[in-house]
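Guided by the hints, dock chains S, Y, U and E onto chain B, whose structure is given.
Here is how the chains run, residue by residue.
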Amino acid sequence: MSNIIYYVSFIILGIGIYGIVSQKNLFKQLISLSIIDTAVNIFIVALGYVEWGEAPIYSTITPVANFVDPLPQALVLTAIVIGVGILALGSVLLVHINEKYGSLDPDEIRDTREVVE
Amino acid sequence: MDKIEKIDERGVWEKIADQLRSRSMWMLHYCTGCGAVELPPSMTSRFDMERLGMGPMATPRQADLFLVTGYLSTKTLRRVIYTYEKMADPKYVIGFGSCTINGGIYYDSYSTINRLDQYLPVDLYIAGCMPRPEAILNAFTKLMDMIRKGEADGWKRYNENYEWYKQNQLRSLGEVVVYDEFHE
Amino acid sequence: MIALLIAVPLVFAFASIPHERLGRYFLPFVAMFNLVCLFFFMHPEQILEVGKWPAAYGIALVLDNVSYPFLIFVNFLILMMSLSATLENRYGTLLLVLTAAVNGIMLTGDFFNSFVFLEIISVIAYIVAAHKDNALGAFKYLIFGGIGGTMYLLGAVSVYVKSGTLNMAYASFITDPMVVPTICIFFLITFLVELKVLPLGLWAPDVYSNGSSVTPIALGSIVTVSLVYLFSRIFLNIFDLPNPQLVGILAMVSIIFSELGALKQKGLGRALSFATISGVSTVVAALSMRESEITSAAYFYLFNDVVSKFILFTLFAYLGERGFKSNKTAGIAFTFASLSVVGFPMFAGFWAKYYLLKALFQVNSYALPAIILIAAVIEAGYLIKWNVELWYKEEDREKDREDVEAEKAEGVEEVEEVEDFVPFGAQVVTLLLALTLVVVGFMPGLIHDQTMSIANHVLDFRPYLDLILKGGM
Amino acid sequence: MQSLLLYLAIGALVGYFLSMINKRLGPIVLLALSLYGLFTLWNMPIGSVEDLFGFEDILQFTALSKYFSIITLIVFSCYAFFNIVWISKAKRPYAFSALSILTLFGTLGVFLTPHLIALYIFWEVAVVASLFIVPMGKEESKKATIWYIVISSIGSYMFLYGTFLLYSKFGTFNLFEISGDIASEGTGFKWLVSLLLLGAGVAKSGIFPLHVWLRNVHGNAPDTFSAVLSGQLVKMGSYIIALFLGAFPIATMFSQFYAGVNIFSYVLIWLGNISILIGTFMAIKQNDMKMLMAYSTVANGGYILIGLALLDQVGFAGGLFHVINHALAATMIFLSFAAVVYRTGTTKIDEMGGLIFKMPVTFVTYLVGIISIAGIPPTSGFVSKWMIFQSLISKGMFVTAMFTFVGSIGSFLYVFRPLAGVFLGQLKRKDKDVKEAPMIMLLPMIILVALTILWGVFPQQVLVWVTDVQRQFGMEPFKFDGTVLYSNLGHWDSWTVFVMFMVGFIIAAVIYILMPKGKKIPLDDQYTSGEFLHNFDLYHYATKYYAFLEREYEGHPSFEDWYTSIVNVLKAIGKGVDYLVRRTASAYTFWMALVLALLLWVRW
Amino acid sequence: MTVLKVAGIFLTAFFFGLTFEGIGRKITARVQRRYGPRWYQNFIDLFKTLSKHGYTHGWIFDFGVIMALGGIIASLGFVPVGGIVAFPGMDNFFVIVYLFTIGSLGMAMGMVGTGNPWASIGVARALTLMLGYEVPYMISIGSMLYFYRTSSISAIMSAQGGDWNLFKFPIGALVALISLQGMLGKEPFEAPIAPAEIASGPMVELSAKYMGLLMLMNTFMEFAEISLFVDLFLGGGTYFVFLLKYLVVWVLVVLISSVLPRFRIEQAVYFYWTVPIILAFVQVFMTVNGFVF
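Chains as they are written, first to last, in our numbering: chain B, 2 to 118; chain S, 64 to 247; chain Y, 148 to 620; chain U, 204 to 807; chain E, 5 to 297.
Take the hints with a grain of salt, since some may be wrong.
Some chain B residues close to chain Y (C-beta under 8 Å, calculated; not the full set) [unchecked claim]:
#1 32
#2 37
#3 45
#4 48
#5 69
#6 86
#7 90
#8 91
#9 94
I should point out that these hints are in silico values taken from the structure, not numbers from a laboratory. Idealized CB from N, CA, C, for every residue including glycine.
Extracted from the complex, chain B is given alone in its bound form:
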C-alpha cells in the first residue's frame, strides 16, 4: 500500500507522455511536459518518504527518530523552480509562435511555413 504513490506518479508520467504524443496543440504539449515534471517530482519526494516518518528536524523531542529523507525534498525544490522556468520560457516561445504563424496547431503552422519556404 505504501508503494501506491509510486504507481500514482508513474500514471501521471504516463498521462504526460500520452499528452505530448497525442495532443496537437502546442500549448497542450507544454502542459503535458509540465505534468511529466510534476510526476517526476512526486516520485522523488515519495522516494525520500519513510513510513510514519517525521520531519527531519533534530530536537529534544526527536533525538532518535524515524526521519524522512530531507535531501529529495530539497532537490525537488530546485527541480520545481527549473520546471517553472521552462514552463514560462515555453509559454513565451508559444506566444512568439502564435504571433508569427497565427496558430498553435502544428499542421496549420507547417502549411504557413511551406508557403514561406
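Relative to the frame of chain B, chains S, Y, U and E by itself:
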C-alpha cells in the same frame, strides 16, 4: 566550226597518253533527257561498252567523257556547266540526240537550250531522236579515233575561248543570284 | 579558486542586467579571464569543496586532467564566439550565464549539481535557439530537452536512492552494480537528446539552420563539447556505458542517416546542421567503444569537427549562400574548414580520421570505419558541391549586378543591394581557426598528446576517486 | 627528393604571388620546377632512400617511381610551357597556377613513397589541388567536380580502409615490408585487401565501374588542364595498379585460373575488357571532342590494366609502356584541343571544320597523337599495343584479345571523328580569320610529337625504364636488342619498319612528283551533284558522324544514369529523414519512447 | 639481297596485281554474259589517270594520297610472296596489320581533307566496316598464331609443309575468307564506296593522278591481303605456285562478289559480329583444346 587540218602539236608523251585515254574512257552521263535510257543497253551484255575500256563513273572528277543525254533547259544547263568545269583535263563532251544540236522537238520552248556547243565545247554529236545503241557505240569508236589523232580538243578550245563561252552562258542564264533559302 | 570560473561569469552576467549592451563587451573579457586563470593560476588535480563540506557530503568542484583541457577548449571557443558572433542585446548576458553553466558542468563532481547546470544550459539553449525568430524550432527543442532533463533528474535521484550519495566518485564506488545499467539508461537518454544522435536529435536541424551566428556555435560547439565531457565522465569514468553495442549501432545509423539528410538538402544551413549531427554521432559511436586510443581519437575528431563547424556556421550566418566573390578570406576559411571536415590530408580532419581508423582497426572493429568512410564520401560530395558553388558564383552575381544596374538605369525600382559583409572580428576568428586546423594538420601531436592524456585519465577511474575522496572513505 | 618536394610546396606559394605581378609568371615557375625535377630525377640512382620532413625513410626512389615521375614531369613541363600563353584565358590565373604546382607536388609525392599513409596524403593533395582547378572550366564543370570528388573519394577511402586492414595485420605502413608476408594470409583477407587497395587505382584511372567521372571532368575542365587530367592524373591510378600488382606476390597469393593468369588478375582483366568496350563505344558517339577523348582515356585505362594484370614478361611491360604512350598522346591531343578552343572558342565537333588550313601545326600534333592512340607504327603507341597483343595471344586469352581488338579498331573510329569534323572538311565562315596558335603553344606540342615518334622508332630508352621496373619486381624482364623487340611469339624491328615506311613514302612521293601537277582549287569547289551551294558551312559531315553505328546501341545502359538514380534513392531516404525532422515534438516523443524501450529491453 | 627481294615483291604486286584485277573484271563480265575488257585494261586505266591534269584541295589532300600509297607499299614489303620473304622473322602479323592502317588512315585523311561530305560518309562507313571485319579476322588468325607459337607469317607458312592450314583450321579459313571479302571492299560489303548512293564515297573528289595513285594503292592492298590469306592458309609455296593459289583465291572472291547484292553498313557490321565472330570463337575453342586436324 571550220574543218581545218590542224598540225599535230602533241609531243611523244602526249601521243602515248592519248592512246591510253582513248582506250580507257570513263564517262559521266548527265541524264537530262530520254537519251539516258539508251545507255543501259549499251553497257550491258548485248553491246558491252566495257570491252572498249569504258565504264560509268560516279563523279565528274573521275570522268573523262561527259555525255549530255538529251535536251537542256536553262535550269539543267547550269548544272551541266558546273559539272563540266569540275572535270579534269583532258575531257570530252558528246551531245546526245537532236535536242543538243538544235533543240529537237522542244526547239520553241521558252526555256530550252537549242545549241549545246554555244556553251560547252562539244567534241561529237550523235544525231537521232533518240540514237540507238549501235549509233552510240559507233560514236564512241569515232571519238576514240579522234582522241588518238588529237582531234578531240574541245577542252583546249574551252580553255582558249573561255571568255566567249562564259559570255554565252551568262547571256542564257543570267547572273547567279545567291539566295540561301535555309539560312539567309 | 576554481569556483571563479563559475562565479566571475555569473557576477558579470548580473552586472550586465541593468545595462543590456554591456553583456557583449563583458563576454570576451570574462572568457579571457577564464583562460588566463586556467593557464596560469589553475592546474589540474585540485578540488574545491563548497562550504567546506567534505567530499561525498557536499558539492565538490574538481579540476582534474580530464576537465582541464576541456575547460580550456570550451573557454577558447567562447572567446572566439564572443569575437565573431553578432550579439544582440541581452545575448551577452545569456552567454555569460552559459559560460558559468558550462564551466560549472565541467567542474562539478556532483550529480544533482550537474543536473542544475544542465538545466541552466538547456534553458539558455532554448532561448538561444529562438534567435532569428526561430521560436518553433526552439519549442521543439524545449519539449525534447525538457523530457531529456527529466530523465537526467530521474537518473540522479536514482543514484541517490541506491547509494545514498550524490557525489559522482563515491556513488560509482558504492552503487549496487545491478542497478547501474538502469540508472545509466536515464542518463543516456539525456545525452542522446543533447548530443543530437538520431532519432533523438531530430530537433537539431530546425534549430541550427536559423542562420544565426550564435545558435549553432553556442549549441553545436560549446554545449556539445561540454556534454561530450559529461558523457565521457559518466560513462567512461564513473559508470559503464549500458548496451554499448546498441549505442554504437544507434550512432552509426545516425551517422548514415544524417549524411543522407544532408545530401538531400537544398539549403546550406540545413546541410551543415545534418553534418553536425553526423560529426557528433561519430564521436558518440567512437566513445561507446571505451578504449583509450579510440577515445583519444574521438576527442581529436570532436576538436576538428567543432572547430570546422564553428567556421562553417559563422560564415554561413554572415554570407548565406551568396558566394565568396568579395570575401576571399572568408572563402579560404570556409574551404579549409570543409576540407578538414571531410578529412583531407594536411588538415586536422585527416589526423582525426587517421587516429580514429587506426585505433578502431587495432581492436578489430571494421563496421564503424566503413561507415565513417562511406559517410565521408557523401560528405565530400555535398560539401565540395557547396564550396564550388560558392566560389564560382561570380558569374551569376555579376549578372545580378548588371541586372540591378540596368534596372537602376531604367529607373524601374530601387533593388536592394545584397549585403555580404563579414565583420572584421568574424573574419579574423574564422581565419585564425582555419589556420589552427592547418597547423594541427601539420603538427597533429599538439592535439593528439592532449587527447591521449585525457583518454588515459578518463578511462582510469582510480585517480578521480583518489582526488575527490583523498584516499579516504 | 625531399628538396624537390619542398621546392614544389614552396613553389605553389611563390607561384601564387608571382602570378599577381604577372599572370605568365605562374606557369613559368611551374615550368622551371618541372624541368628541375626532370633533371634531378633523371639522374637519381634507383634505390635511393630519403627522409621527409623528419620522418625516416619515407621516400624511396624505385624504378617504378622513376618511370612515372619522368612521365609526369614531361607532361607537366609541356603543360606549363603551353600555359604561358594560355593563362590569359584562365578564369582565376593565380589560383590556377598555384594549384597546378600543388598538383605536381601531390603526384610526385605519390610516386616517390612506398609508405601507404604518406602515399595517401600526397594522393589527396593531388586530388584536392586538381579538384579546385576543374570548376574553372565550362559551365558544366561545377557538376563535374562533384563527380570527380565523389568517385575519387570512393577510391581513396577504399584505399585507406585497405591500408588500415594491412596495418592491423602487419603493424607497418611500408608496402615493401608488407608484401613479403601477405601471401600466407587467408583468402578472404587477400581478396578484400587487394580489391580495396586497387580501388583507388580503378577509380582514378577510370576503370569500368568507376569510369563515369572522366567524361564530365575531362570534358568540362579548363582546356589545358584536361591534358594533365588525362595525361597525368589518370596515370596515378595506373601507378597504384602497377605498384600493387608488382609489389604483392599476386601470382602466389591467388590460385591460377587460366593460362597462368591468376583469378584476381582475371577479374581485373575483365574490368579492363569492359572499360575498353564502354570507352570505345561511348567515345564513338560523342560530339564534344574533349568528352570523346575522355572516353578514349577510359578505353586506354583498360588497356593499361589488362597489360599490367597479365603480370608476365611481355604483357606487364606492354602495360607499362602504354602508360607513357597514352600520357604523351593524351597530352598532345588535349593541348591541340586547347589550342583549337583558344582560337575558336568551342569544343563541339560539328561547330568547326577545315581548321587544318588555318592551324597546320596543331593539326599535325593531333594527327600524331591519334596515330599513337590508335597504335599505328611508327609512333610509340604501336609498341605497347604489340606487346599486349603478343602476350594475350601467347596465353590464348582470346576473349580478352577480342576486346582489345575492338578497342584498337574502335579507336580508329573515334579518333577520326574530331579529325574529320574539326580539322578536315569545310572551313566554317566564322572561322575564316582564325590564326595558328601562338609559337609558345606550338613548341610543347612539337616536342611531344618528336618524343612520340622518337620513342616509336627507338623505344630502347623507355624499354630500359620498363625492364628496370620488371627487374625490381622480380619478373623476367622484357627482351629487346637495340630496336629489335622480342616476345615469345616472334620479334620485330621498329627501325626496319620505319625504314620501310620511309621507302614506301619516298616511292609514293616520287610517283607523285613525276606525274602532272594538280591544280589547286578552293575548298568550296566541290562536287555537289551539280547543285550550286550558297552556304558551304552546311556542306560538312560532322553531326552524328557514325549515325549508322550509333543506332545499333542506342538503348545502351548508362552508368552515369544508374549512379544518379542511386544518389536519388539516397536523397529520397534523406528526404524521409528530413520529413521526420520537420514533424513536431509529439512525434519525437514517440521516438524517444522507442529508444528508451530498446535500451531497457535489449540486452546482449 | 633484302633490297632485291623487296623490289621483287613490289614488282610482283604491281604486275600481277593489276593483271589479276583485269582478269577479275573479265570474269565478272563473263558472269554477266558480257565480253569484258582486255586483261591489261587496268594498266591502261592506271596510266591514263596518271597522265591527266587533276585538281587538288590543298596540302593535306596531296599528303594523304602519298601517305596512303606509302603506307601500303611499306606494309607490302613485309608480306611474304611465296618464296620471297624480305624480312624473315620480322614479318610479324600485327606489324603488317597495323602498317596497313597507315595507308587507310592516309587515304581517309586525304579524302576527308577535300571537304566533301560524301567522302566523310564513305570514310565513316569504311571505318565502321573495318570494325566489323577486323575483329573476327584477327581472332581467327590469332588462334593460328597461338597454335604455331609464332606470329611470323613466313614461319607459319613454312610450318605447314604440304598440310595446309585450310584443312587444319577450316572454320578459321572460312572466317578469314568472309573477312577478306570485307577487306577488299567487294560485294556484299561494298557500302563504303557505293557509287550510285554516295558518289563513290571517299573517292568523290579524286581526279587524275590522285585517282591513279589510289588505284595503285588499292591494287597493292588487295595483293597484300590476299597474299596474307594464301600464306597463312594455303601454305604459300614457290613463286609460281603462290601466284596460282593467289589466282584461285582471287577468282573465288570475284565470283562471290559478282553474284551478291550490297549489305547496308549496319547489316554488315551486325553480320560480322554474329556469324563470323561466333565461328572464330568455335575455331579458337578447337585450337585451344587441341582439335586441329
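Hints, one by one, checked against the model:
About 11 Å separates the beta-carbon of residue 32(B) from the nearest beta-carbon of chain Y, more than 8 Å, and the hint is not met. Using the Cβ-Cβ criterion of 8 Å, the hint placing residue 37(B) at the interface with chain Y is satisfied: the shortest such distance is roughly 6 Å. Interface restraint check for residue 45(B): the shortest CB-CB distance to chain Y comes to about 5 Å, inside 8 Å, so the restraint holds. This hint holds: residue 48(B) has a C-beta 5 Å from the nearest C-beta of chain Y, less than the 8 Å allowed.
The beta carbon of residue 69(B) comes no nearer than 14 Å to any beta carbon in chain Y, farther than 8 Å, and the hint placing it at the interface is violated. Taking 8 Å as the C-beta contact cut-off toward chain Y, the hint placing residue 86(B) at the interface holds, the least distance being around 6 Å. A cut of 8 Å between beta carbons decides the hint on residue 90(B): the least distance to chain Y is about 6 Å, and the hint holds. Nearest Cβ of chain Y to the Cβ of residue 91(B): about 5 Å, under the 8 Å cut. The hint holds.
Among the interface hints, the one on residue 94(B) holds; its C-beta lies about 5 Å from the nearest C-beta in chain Y, closer than the 8 Å criterion.
When each numbered hint is compared with the structure, violations occur for hints 1, 5.
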